[in-house]
Amino acid sequence: MKYKETAVITEQREIAPDIFSMWLQTDAIAKEAVPGQFISLYSHDKSRMLPRPVSICQIDGTKGRVRLVYRIAGKGTEEFSGYGKGDTLEVVGPLGNGFPLNREYDRVFLVGGGIGIPPMAGLAERLPGEKLIVAGYRNSEVFLKEELEKNGKLYLASEDGSVGTKGNVLDAVRENHLTAQALFACGPAPMLRALKAYAAEQGMDCYLSLEERMACGVGACLACVCRSMDVDAHTHVKNKRICKDGPVFSADEIDLG
Amino acid sequence: MKYKETAVITEQREIAPDIFSMWLQTDAIAKEAVPGQFISLYSHDKSRMLPRPVSICQIDGTKGRVRLVYRIAGKGTEEFSGYGKGDTLEVVGPLGNGFPLNREYDRVFLVGGGIGIPPMAGLAERLPGEKLIVAGYRNSEVFLKEELEKNGKLYLASEDGSVGTKGNVLDAVRENHLTAQALFACGPAPMLRALKAYAAEQGMDCYLSLEERMACGVGACLACVCRSMDVDAHTHVKNKRICKDGPVFSADEIDLG
Amino acid sequence: MEFRTSVNLAGVELKNPVMTASGTFGSGAEYSEFYDLGALGAVVTKGVANVPWPGNPTPRIAETASGMLNAIGLQNPGIDVFIERDIPFLRRFDTKIIVNVCGKTIADYCEVVEKLSDQPVDMLEINVSCPNVKEGGIAFGQKPEALETVTREVKKYARQPVIMKLSPNVTDITEMARAAEAGGADVLSLINTLTGMKIDIHRRTFAIANQTGGLSGPAVKPVAVRMVYQAARAVSLPVIGMGGICNGEDAMEFILAGAAAVSVGTANFNNPYAAKETAEGIQAYMEKYQIGDIKDLIGAVHL
Amino acid sequence: MEFRTSVNLAGVELKNPVMTASGTFGSGAEYSEFYDLGALGAVVTKGVANVPWPGNPTPRIAETASGMLNAIGLQNPGIDVFIERDIPFLRRFDTKIIVNVCGKTIADYCEVVEKLSDQPVDMLEINVSCPNVKEGGIAFGQKPEALETVTREVKKYARQPVIMKLSPNVTDITEMARAAEAGGADVLSLINTLTGMKIDIHRRTFAIANQTGGLSGPAVKPVAVRMVYQAARAVSLPVIGMGGICNGEDAMEFILAGAAAVSVGTANFNNPYAAKETAEGIQAYMEKYQIGDIKDLIGAVHL
Ligand SMILES: Cc1cc2nc3c(=O)[nH]c(=O)nc-3n(C[C@H](O)[C@H](O)[C@H](O)COP(=O)(O)OP(=O)(O)OC[C@H]3O[C@@H](n4cnc5c(N)ncnc54)[C@H](O)[C@@H]3O)c2cc1C
Ligand SMILES: Cc1cc2nc3c(=O)[nH]c(=O)nc-3n(C[C@H](O)[C@H](O)[C@H](O)COP(=O)(O)OP(=O)(O)OC[C@H]3O[C@@H](n4cnc5c(N)ncnc54)[C@H](O)[C@@H]3O)c2cc1C
Ligand SMILES: Cc1cc2nc3c(=O)[nH]c(=O)nc-3n(C[C@H](O)[C@H](O)[C@H](O)COP(=O)(O)O)c2cc1C
Ligand SMILES: Cc1cc2nc3c(=O)[nH]c(=O)nc-3n(C[C@H](O)[C@H](O)[C@H](O)COP(=O)(O)O)c2cc1C
Ligand code: FES
Ligand code: FES
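Chains as they are written, first to last, in this note's numbering: chain A, 1 to 257; chain B, 1001 to 1257; chain C, 2001 to 2303; chain D, 3001 to 3303.
Note that these hints are calculated values from the structure, not bench results.
Please note that a few of the clues may not be correct.
Here are the computed lysine-lysine pairs in the DSS-like style, where the Cα-Cα straight-line distance is at most 27 angstroms [unchecked claim]:
#: 1; chain 1: D; residue 1: Lys3104; chain 2: B; residue 2: Lys1238
#: 2; chain 1: B; residue 1: Lys1075; chain 2: A; residue 2: Lys46
#: 3; chain 1: D; residue 1: Lys3288; chain 2: B; residue 2: Lys1046
#: 4; chain 1: A; residue 1: Lys4; chain 2: C; residue 2: Lys2155
#: 5; chain 1: B; residue 1: Lys1238; chain 2: A; residue 2: Lys85
#: 6; chain 1: B; residue 1: Lys1238; chain 2: D; residue 2: Lys3115
#: 7; chain 1: B; residue 1: Lys1075; chain 2: C; residue 2: Lys2288
#: 8; chain 1: C; residue 1: Lys2288; chain 2: A; residue 2: Lys46
#: 9; chain 1: D; residue 1: Lys3156; chain 2: D; residue 2: Lys3115
#: 10; chain 1: B; residue 1: Lys1085; chain 2: A; residue 2: Lys75
#: 11; chain 1: B; residue 1: Lys1238; chain 2: A; residue 2: Lys75
Could you put the whole structure together from the sequences, leaning on the hints where they help?
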């Protein structure tokens, strides 16, 4: 089920420059959400009609809360960052499919790049088995480090080398001679492309969370498609809807170009 | 001079159902404002581009504050009513000409109808001489009574007779056998029309504050005109700009139709 | 007092005047997760062609002030899958089914219309005004003669009443409305999207891959109300009004301007309940002003 | 590094590409209370006719989503008062003066243009696209032949470069742009307002007395950018872009789309400093991306 709720912000703080962490009281959504799903946030400013899709970072089903961690990327996220405890936001969710949690792997990679790191925190909490978490940052402005360390072994990479391996997430994997049976990732497109190739090379199962501009967020408008290897079930034209068929795809389903 | 300021709300409360009183810290504007002038308030919601003109109710030049009293009439005023102490609003002002304060009258009428009452509070504070204040309400939901009583003798009228004279402001004038040398008024168009006729009949000087939909609020766009008796200085077509040549006009300048 | 919200479009009785705007509601499946589609007068489907269309490259949409641009490019599974899957799905709800038809040539339109002729759908809406595909579509929607011709041809194959959907990208909407009427249209719907463009100034490129896209949402509502008003007075056909409707108050503007029914489009993206709430809002308006029959409000703006 | 913001329009050198949109800035007097008009490339005045025009009844404006409707009806004091009062006023500022001219007949336009021919104004902008007056205006702006004729006639009397201001209420803006070019226009400006309507559903009447009005503001920006892009590629004249510009980022969209200069209109009503801040914003963009000359950005969107 999907719900539209008026969520109440129970906590918001800036956890790194321009990166905000927000806990939302949103009972129905929190109860059903799984890691890898996202929710649509709506602006109070009515000049902005479209939802802002944001991945669920952590889920507190007991308290009925979800945590979002987002970067200020434009006017909408800037608006959200100005709200505080007690303010409300219209939200719709949980949306999309989430990462597969039912496969039994002994050891998995959870790889997050930049603002793709947050969903890895919630995934690490729910995924069984040993977790090797690789988080790629731009620089020393790291965030969610504690949350990630709690549920797995954390390896850092940074573009400027100020923390962890200097380079990208794959550099960190290689530098630390890491191996696993499967790979779960979220981050910028070039990173996902490289990870897909790496997983194929290593014979790992690979699940990637994609992004695209969205309008409906629920699968109705066909704005957010990605190319798929096979004809899709919905329109039979090798286009999958990221909001509905994804955002998490098995890497071999999709054509990353 | 006119100023654009980011005004800080120092106090806001609902003083009658749907009627709000708001004090704004707006130093430059407060220093120069005179009763009868108005300020333009801008929505934070960018789907609403146009200013909301609101008359200045009271001026505290020392503290650099102005008070506005407004009724929720639509989305813009609804937005404003949701803000509280410490929130900010973009404002431009002081706008328009204000009531003439330099004429010496022994006794004057200050007449306000409905949401035209607020400017009478500030005018009563600044106008010399004896003041007979006539305030017309819809019903028993009166507001600003104390402020008005402080600076003149207050007579009430209400449409349903629940306070003061049952009827309109002129009914209250007649019932109390009031007379004066001049009349200053703000309120709905039918009231102003009746007052203009009454003042002419009684040989009183008469100053009326008018309203019209505004776009620029500063005299540039010619949205807010009223018909004038003589050719206007600006466009020579018997149209005066309420925002610039008014909102206060000598009744004999204007054609109320 | 009873409040009658039903309207009649070319013999089809809708329980209320609210439908969905084509392309914003799929074939209803996604929004049926939020509410019973039986709350609506009709569901208008995404445009369907004779064969599957892959649509345009991404990005396909961009947000604009109080609106959005889209260039989906009419991605659709083709009429065969549609008939097999979408019609049976929609039949489960107590609402009318209106199939939006797109094509590149007159023959394409006729092929789809013919395939639908024995299907349990209530009306057909012919999209001759999509600005987002290179061939066909918009060309028919911008020239009166072409519009009249395509209308006439389609009518030959149609068993259901035909709605011609007009483009707002024209100098004179009344000329187009009359052309559709002359061609035998049963109903008109308008407006489709206004052609627009957004530039990403930081990347110095177009915000959507197709360069231009169709503008929709509250931004276009004043243009839409004006055109509905003009079209409704120019012809004697019922008119379905759309463009920026978010709630009952917006819908009432169109109805007072002359629309016999209204569609909710972009607003669904802002609020999945928008269409349902629009129907409720119309009812609330009638109750507030004690108007017993919505028909008494159609075109009832004072001159 | 130095940043050159000056642009040249038909031989007239503007210190920066930002001007005011006609009708939103009077003749500058009111906004000169906020800042020195010398901050702008040019001031474009409210439309002026051969004789005073009283304009339309009120209400003349209505707010719409991210925009507004206006039907001022070109109230103006006539060319004689304008020459006597407004030109000397504007001459006090270090900015170019562009006079917007309106009329009901070709003879009206020519009369005003002739009277301005020996006046110290830099350019003339011919408004053939005002939707808010019954006669004239818009008719010239919607038919290519009429546009070409009025352009040619006006050019006979004009000593200053002539800007033809195009209406967006047309099927094909490139056809109109070419017609103006064929008639001898020196510069094009677009867009004027889109014809729109708003209905007051509670009073069941039109929100503005004139029934229809011109839609402007951010709502129309995508349509305006698209038309500027199309027009700039259709002709070899410089194009002045406008429609919803509120800041330097909006202005950059138009410049990248092909506009050699831009006008700020409705935004002045939201922020009296809008035009000045737009000029500053363009400069900031150039600094951010280290572009030394604005001319290198005109039409520089990647295909
Ligand atoms: C499934 C999904 C999950 C996401 N999860 C996160 C997250 O956990 N944390 C986070 O910081 N960001 C996340 N994003 C990106 C986030 O949606 C955008 O940063 C945000 O929408 C920007 O909005 P804005 O108003 O600030 O920017 P603007 O640029 O002003 O937005 C304008 C429009 O573009 C859209 N848009 C802009 N950037 C993106 C983008 N990168 N992806 C999709 N649409 C975009 C907006 O939704 C809006 O409609 C996610 C995106 C998707 C699709
Ligand atoms: C000079 C002047 C002084 C005013 N002083 C006061 C005051 O002291 N207290 C008070 O409560 N109201 C006052 N008003 C009326 C006030 O401006 C409107 O109630 C307010 O603009 C409504 O905005 P809204 O967004 O709530 O309503 P909406 O109806 O949503 O507004 C839509 C548009 O219409 C305009 N508008 C709506 N009603 C009016 C109106 N009555 N007059 C002018 N424009 C209107 C708005 O400014 C806006 O542009 C004054 C109006 C003028 C012209
Ligand atoms: C994402 C999207 C897809 C659309 N697809 C179609 C379509 O397939 N066929 C069609 O006739 N109109 C299509 N339209 C136009 C809408 O049906 C409608 O005419 C227009 O958006 C104006 O209404 P609105 O402002 O309420 O959205 C589409 C609009 C949008 C926003
Ligand atoms: C209140 C108002 C008055 C206008 N008057 C004129 C005019 O006299 N002559 C003219 O050519 N355009 C006139 N316009 C159109 C503007 O110059 C401009 O083309 C249009 O508003 C689009 O720009 P914007 O969205 O920045 O306002 C007027 C616009 C408004 C809002
Ligand atoms: S955003 Fe509409 S289908 Fe994905
Ligand atoms: S509101 Fe523009 S002249 Fe008064």
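Hint-by-hint comparison with the structure:
1. A threshold of 27 angstroms between alpha carbons decides the hint, and for Lys3104(D) with Lys1238(B) the separation of about 21 angstroms falls inside it, so the pair holds.
2. With a C-alpha separation of about 11 angstroms, the suggested pair Lys1075(B) and Lys46(A) falls inside the 27 angstroms cut-off, and the hint holds.
3. The suggested pairing of Lys3288(D) with Lys1046(B) holds, with an alpha-carbon distance near 26 angstroms, which does not exceed 27 angstroms.
4. Under the criterion of a C-alpha separation no larger than 27 angstroms, the hint pairing Lys4(A) with Lys2155(C) is inconsistent with the structure, at around 42 angstroms.
5. For the given pair, Lys1238(B) sits about 55 angstroms from Lys85(A) by alpha-carbon distance, which is inconsistent with the 27 angstroms threshold.
6. Between Lys1238(B) and Lys3115(D) the alpha-carbon distance is near 24 angstroms, which keeps this suggested pair within the 27 angstroms criterion.
7. Between Lys1075(B) and Lys2288(C) the CA atoms are separated by roughly 19 angstroms; this keeps the pair inside 27 angstroms, and the hint holds.
8. For the hint pairing Lys2288(C) with Lys46(A), the CA-to-CA distance comes to about 26 angstroms; that is within 27 angstroms, so the pair holds.
9. In summary, the hint linking Lys3156(D) to Lys3115(D) is supported, as the alpha carbons are separated by about 13 angstroms, within the 27 angstroms threshold.
10. Restraint check: the Cα-Cα separation between Lys1085(B) and Lys75(A) comes to about 24 angstroms, which is no more than 27 angstroms; the hinted pair holds.
11. Restraint check for Lys1238(B) and Lys75(A): the C-alpha separation of about 45 angstroms exceeds 27 angstroms, so the hint is violated.
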